[in-house]
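Q: Required output: the full structure, derived from the provided sequences and hints.
Listed below are the residues making up each chain.
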Amino acid sequence: MKALDLRFRQQHVRVSENRDRALKVMHGRLVFFQVIACLGFAFMGLRATDLMVMQAEHTLFPAAEMLVHDEAMMEEQQADVVALTRRGDIVDRNGVILATSLKTDSLYVDPAEIIDKQKTAYELAKIFPEYTADELLEKLNLPRRFVWIKHGVTPKEQEAVLNIGEPALGYTQEDYRFYPQGALTSHLVGRINREAKGIMGLERGLDEYLASQKATEVSDGEAELRTTIDVRVQHILRREISNTIKEFQAKAGAGLVMDVDTGEILAAVSLPDFDPNNPPNPNAPEMFNRFSQGVYELGSSFKIFSTAAVLEFKKVGMGHRFDAREPITYGRFKIHDYHAEKRILTVPEVFMVSSNIGSAKMAEMVGTDNIKAFYRDLGLMDAPQFDLKEVSAPLVPNPWREINTLTTAYGHGIAISPLQLVRAAASIVNGGHLVTPRLVVTAPEDLEKTVRIVSEKTSRDMRALLRLAVTEGTGGASDVKGLLVGGKTGTAEKPSKDGRGYDRHRLLSSFLGVFPVDAPRYVVFIMVDEPKGQKHTFGYATGGWVGAPAVGRVIEAMAPMVGIKRRNTDDAHDIAAPLKRYVHFKEHDR
Amino acid sequence: MSLQRVFVIFLLVMFGVSAVTLYQVSQAVQHKERVLAAKRREIAQLKEERRLLKAEWSYLNRPERLEKAANKLLDAKQISIENVTGDAAQVPEPDVPSHPPVARKRFDNVQDAAATEPAAGGDAE
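Residue numbers (our numbering), protein chains in the order written: chain H, 1 to 590; chain P, 1 to 125.
Just so you know, the hints here were simulated from the structure itself, not pulled from any lab data.
Hints are not guaranteed to be accurate.
[To be verified] Chain H is faced by these chain P residues, among others (derived, beta-carbon under 10 Å):
no., residue
1, A19
2, Y23
3, Q24
4, L52
5, K54
6, W57
7, R62
8, P63
9, E64
10, E67
11, Q78
12, I79
13, E82
14, N83
Ideal Cβ placement from N, Cα and C applies to all residues, glycine included.
A: Below, the structure is given as structure tokens:
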């Protein structure tokens, strides 16, 4: 009995132990899940506190915040893309903006979604007076889902469009090319088309350069192309050419200002010009670039080269004489002087009175081969390398006969662009180094200065001759007190409209000035197309009456801007003074 | 309490702490990203505005416009070569009251500091 009782007790204890163990495990698991649940609630509580308290200062609407955040990120990415693809700005040598790309809104419509087409067209026509309601209605009736209404909509116009309340109207941002200087630099800067491709001027000439961020100079994270243009000088040149055109009732005009050492072009004008923000038809006459694309027989300015050639190749002295008593007869051609002196002339006299006969004899003395080679070296026989693509090849006699050697000596029978003339003249007066015309600022160490065109002595002699042509010759009206101006007039008759010979009533009058002529810094050239003689010019419309005063005014206005100081210009300081002993003074026409 | 249980509890605590820390870091990063995005957007907007203002400045400062405005509003003539005396040092000082003493002193200090600053880029040896 006792043994039975003991066994029962042992079994009871075992069962009890097993139950306690199971209860303990169950209890442990319950606690574990309770902890997890508590942690979960604590997490949710913390998150709620975080959102409502800690982040409360940022936004009351976390979802909207996240949306804004995502949009911001997207906008930022888009901004990066725009910055990468945005066309570089074009600035002048002082950083003044000539062309820039701005983000503007463009208005489009989804014609399929439009509610009231007639009303919308009528309302839009009130906002955009450049369109009629019928034109707009035609756009709204197009069987497409996307039609442009207007590019570059102003904020005021946007507000007015919004007030129409038409949901089918929408906006998209586009890059708009803006030219703040307007017509002032139109032919230099040019313009782009709707596809952002350069179609004119620097925009065309350096299209890839401007479109590629890598190639352009980067300033403050933005790309820009620094040009050699100085808008102040550009304005002066444009103003004076424009005034001269008005004064002489001329058809057109052109001009250039070039740094003689670097070939940098500070200003280049072709009038009439246009506003690149609102360009005319591509075939309009104002779209023609007269300073680099147009080629002209520029007349006596060419004597700079024939005179330089005789000094360089034949080493003649200033006292060398050329017989200008009689016109030169060559076959059916007759070469005579405009300001006929009918006497024997020294080299300075030939240049000073602009004798065609003397210059032709100089070229004859140099010889055809030499003169052709010299013109070629000066870049007068081929199209120049330039940053603009609007350049033309010169019209050179082909075949070149002996008579051409004589006539080209005074700029007759060879047509070049003003750019070529200015470049060649700069290369002669700067000490004799060929310069390359450039519109983009180049580091001084990158400027090549290796090709010598004429000797230092010839360059010096030519500078003295240019000064003499101003102090005693045809270019007197260009002189500016306190500045040593040198220069050469040019008056050419234009080919007659019937193609037979030249029209003596249709002139191309020009003047090429150099200053300060003893140590030249700039060449200034102005050409006026078909000026008419005026009462105050005694009916004359030659280079001396038309171009020279205009160049003088440009030099006077630009000198203080480019830091050229007033000088003593009396005979003791005048480089032309030593030449006066070769000049036999008498009354002569201007 | 067995060592194993202590270890498990320790792991759970560590897990919890890590989770909270990670959460905080994640939140902080998101917040910073939002701030950064907003700043970048603001910078982009300001840059765009600056571009617009620069373009407008160039437009309003067109030489032709300035010349017309000067001719109309100022009793001044165009500068000629006669007016250029030489360099800026030759221009006499305007007869105006001197700067306030404090500002003047500060300016002098800047000049003195610049004058006494040793030349940069010299060889250490």
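Q: The hint names E64(P) as touching chain H; please verify it with the least Cβ-Cβ distance against 10 Å.
A: holds, 6 Å
Q: Answer holds if the nearest beta-carbon of chain H is closer than 10 Å to that of Y23(P); otherwise answer violated.
A: Cβ of Y23(P) sits 8 Å from chain H, so the hint holds.
Q: Less than 10 Å between beta-carbons is the criterion; does R62(P) satisfy it with respect to chain H?
A: Holds - the Cβ of R62(P) comes within 10 Å of chain H, reaching about 6 Å at its closest.
Q: Answer holds if the nearest beta-carbon of chain H is closer than 10 Å to that of P63(P); otherwise answer violated.
A: holds, 4 Å
Q: Do the numbers back the hint for A19(P), that is, is its least Cβ distance to chain H under 10 Å?
A: This interface hint holds because 8 Å falls under the 10 Å limit.
Q: With a cut-off of 10 Å on the beta carbons, see whether E82(P) makes it to chain H.
A: Check passed: Cβ of E82(P) comes within 7 Å of chain H, closer than 10 Å.
Q: Using the nearest Cβ pair, does L52(P) come within less than 10 Å of chain H?
A: Holds, about 6 Å.
Q: So, E67(P) near chain H? Judge it on the closest CB pair being under 10 Å.
A: Holds, because the Cβ-Cβ distance from E67(P) to chain H comes to roughly 7 Å (cut-off 10 Å).
Q: Quick check on N83(P) please, does its C-beta sit within 10 Å of some C-beta on chain H?
A: At about 7 Å, which falls below the 10 Å cut-off, the nearest Cβ of chain H leaves the hint on N83(P) intact, so it holds.
Q: Mind checking the CB of Q24(P) against every CB in chain H and telling me if the closest is under 10 Å?
A: Interface hint status for Q24(P): holds (9 Å vs cutoff 10 Å).
Q: Does W57(P) meet its interface restraint, that is, does its C-beta lie within less than 10 Å of any C-beta in chain H?
A: Hint on W57(P): holds, closest Cβ of chain H at ~8 Å, below 10 Å.
Q: Hint I79(P) vs chain H: min CB-CB distance below 10 Å?
A: holds, 5 Å
Checked against the numbered hints listed earlier, the structure breaks none of them; every hint is satisfied.
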